[in-house]
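Student: Protein chains in written order, with my numbering: chain G, 1 to 149; chain H, 150 to 568.
Keep in mind that the hints are not guaranteed to be accurate.
[Unchecked claim] In silico DSSO-like cross-links for lysine-lysine, where the CA-CA straight-line distance does not exceed 30 Å:
id	chain 1	residue 1	chain 2	residue 2
1	H	Lys310	H	Lys327
2	G	Lys81	G	Lys111
3	G	Lys81	G	Lys48
4	G	Lys60	H	Lys228
5	H	Lys406	H	Lys303
6	G	Lys102	H	Lys561
7	H	Lys183	G	Lys101
8	G	Lys111	H	Lys327
9	H	Lys170	H	Lys244
10	H	Lys327	H	Lys244
11	H	Lys228	H	Lys418
12	G	Lys60	G	Lys31
13	H	Lys325	H	Lys401
14	H	Lys401	H	Lys244
15	G	Lys102	H	Lys183
To be clear, the hints were calculated from the coordinates, so they are not data collected in a lab.
Here the structure is a predicted model, which is why all the values come from computation and not from measurement.
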Amino acid sequence: MSDLRELYQEIIIDHNRQPRNFYEMEDATQKIDGFNPLCGDRITIYLKVENGIVEKASFKGTGCAISIASASMMTDSLLGKTIQQVEAVFEKFHQLITAAKKPETTDELGKLNVLGGVRNYPSRIKCATLAWHAMHAALNQESDTVTTE
Amino acid sequence: MTVDTQSEHITTMAFDVKSIKQDFPALAQTVHNKPLIYFDNAATSQKPQAVIDSLVHYYQHDNANIHRGVHTLSERATKAYEDARKTVQQFVNAKHDSEIVFLRGTTEAINLVAQSYGRANIGQDDEIIISEMEHHANIVPWQMLCEQTGATLKIIPINDKGELLLEEYQALFSNKTKLVAVVHISNALGTINPIKQMIDIAHQHDVPILIDGAQATPHMAIDVQALGCDFYTLSGHKMYGPTGIGALYAKKEILEKMPPYQGGGEMIKMVTFEKTTYNEIPFRYEAGTMHIAGAIGLATAIDYIQSIGIENIAHYEQGLSAYAQQLADDFDGLRVIGTAADKTGILSFLLDNIHAHDVGTILDHEGIAIRTGHHCAMPVMQHFNIPATARASFCMYNTKAEIKQLFSALDKVREVFAK
């Protein structure tokens, strides 16, 4: 089960069990629903952006351990970042999960690096990216619902 | 000796799971260094060597386009294809071989009935009865028909065991009801529906009825004449045959009156730019070059099933199903979705609050293939207010030892999440 441990790292299990920033935000400036039709997972992302800075980020929804942990860690990582910084993290994270060659661990991603194990599980990549795509669409004022398809 | 022990004796004599397993080359492999345990049979079954060989043989020796060819290979291919139709006819006990239409599978068969029979016979304000436990393949084609014609869908509800409510079914009929389409065995719940009774009820109201048999044909004997249904559908790949081939059974008198489904070669008698005369049944519904190899492979799969005996298979699989249910009952934190009194070897379940996809990934690491998700039956998931289930589905090459390993692996799933 060794490579399985790489996927289900302790920090992922912990974020799944006790998701951070797991609430509906009433004063959100951006809100978007993310939907993975493959597994029926639904995650709503809330952002409060003021003067180009993410003041608050939260989420609600149901999903597998990977998608919940990813959303939880993402919302944690966005706090206090400028839109440009968020875009940069989004790109780095996307590379971490999907790039053909495993990128070097970067400080920029911090503990998000633990989600890198997902890259070995093609059928689970969308679980990890659901919240991120939703967040990205929310920032770019795209439609109300994004899907992983 | 009582009758029961006698039949038990006969069954064990005829049923040798070890040798059956050896007939399926894909089962003899390891996944993540563990021997593969394949429990995704409701999605698609593995194929016996005989079926694989029949495809190879066809392409190596008999490959030719069928019908109207005067050369030897074409005559051979035509005979093999039409013999395959007779094999399917006998398997479901249809009265005529012309009542069997080869198609891609159950999905295409239902679409054919919706677009051909449906558009000719169902109109504005008419009603079609389906059930809450249908696969999307038996929902969406009817929704499309409703959009085209202005007809509406009426839904037979299910109870919390996953059984259809027959009284509610009765009550749905009106003089607007034009068709019933219902699944024989639910792929998400394993429920075996009382289709004989449901067919009789439909006919008491003079309403034709389609049975989606995709999950039933690998596991039980089907006799369309005894059932009396108007349409019955099957998919080859779920019954040890190739993908991309299946069949529609329809009563001759209905099939003869239906307009064609697709236009093209093979389905015509005579074409001029002024008028086309359509071919006879079943060829009228088989436009273009069909999946000839697939039909032959399907017939080989049926021969394989018959060589073991469908009754023997059913009996053996019921034993597996009962064993799995027993282990599930004793497994703390496991909730079975679909607990109908009459059930086949489908175990749909939730484990603690662990998501089905996580269960699936961890089981895969133990070499166990199951399906996770909504199983193309989102209304069923809605009924139980869950996003997804993990589903282990058994067939004749599975064993009790494998089922036991499934439950040991579920212990490991819990270990991972107990960190």
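Student: The structure should be examined with respect to each hint, and the outcome stated for every one.
Tutor: Hint by hint, here is what the structure shows:
This hinted pair checks out: H/Lys310 and H/Lys327 have alpha carbons roughly 29 Å apart, not beyond 30 Å. Proposed proximity of G/Lys81 and G/Lys111 is supported: the alpha carbons are some 16 Å apart, at most 30 Å. In summary, the hint linking G/Lys81 to G/Lys48 is supported, as the alpha carbons are separated by about 11 Å, within the 30 Å threshold. At roughly 61 Å between alpha-carbon atoms, G/Lys60 and H/Lys228 are farther apart than 30 Å, so this suggested pair is violated.
Under the criterion of a C-alpha separation no larger than 30 Å, the hint pairing H/Lys406 with H/Lys303 is consistent with the structure, at around 26 Å. Taking the CA atoms of G/Lys102 and H/Lys561, the gap is about 29 Å. The hint holds against a cut of 30 Å. Distance check on the hinted pair: H/Lys183 and G/Lys101 sit about 27 Å apart at the alpha-carbon level, within 30 Å; holds. Restraint check for G/Lys111 and H/Lys327: not satisfied, since their Cα atoms lie roughly 60 Å apart, outside the 30 Å limit.
Taking the CA atoms of H/Lys170 and H/Lys244, the gap is near 34 Å; set against the 30 Å cutoff, the hint is violated. As the CA atoms of H/Lys327 and H/Lys244 are separated by approximately 24 Å, the hinted pair is consistent with the 30 Å bound. Note on H/Lys228 and H/Lys418: the hinted pairing holds, with a Cα-Cα distance of about 20 Å set against a maximum of 30 Å. Of the pairs offered as hints, the one joining G/Lys60 and G/Lys31 holds, with about 11 Å between alpha carbons and a cut-off of 30 Å not exceeded.
Distance restraint check for H/Lys325 and H/Lys401: the Cα-Cα separation of roughly 24 Å lies within the 30 Å cut-off, and the hinted pair is therefore satisfied. The straight-line distance between the Cα atoms of H/Lys401 and H/Lys244 is roughly 9 Å, inside the 30 Å bound, and the hint therefore holds. At most 30 Å may separate the alpha-carbon atoms for a hinted pair to count; G/Lys102 and H/Lys183 meet this at roughly 27 Å.
In summary, the numbered hints that this structure violates are 4, 8 and 9.
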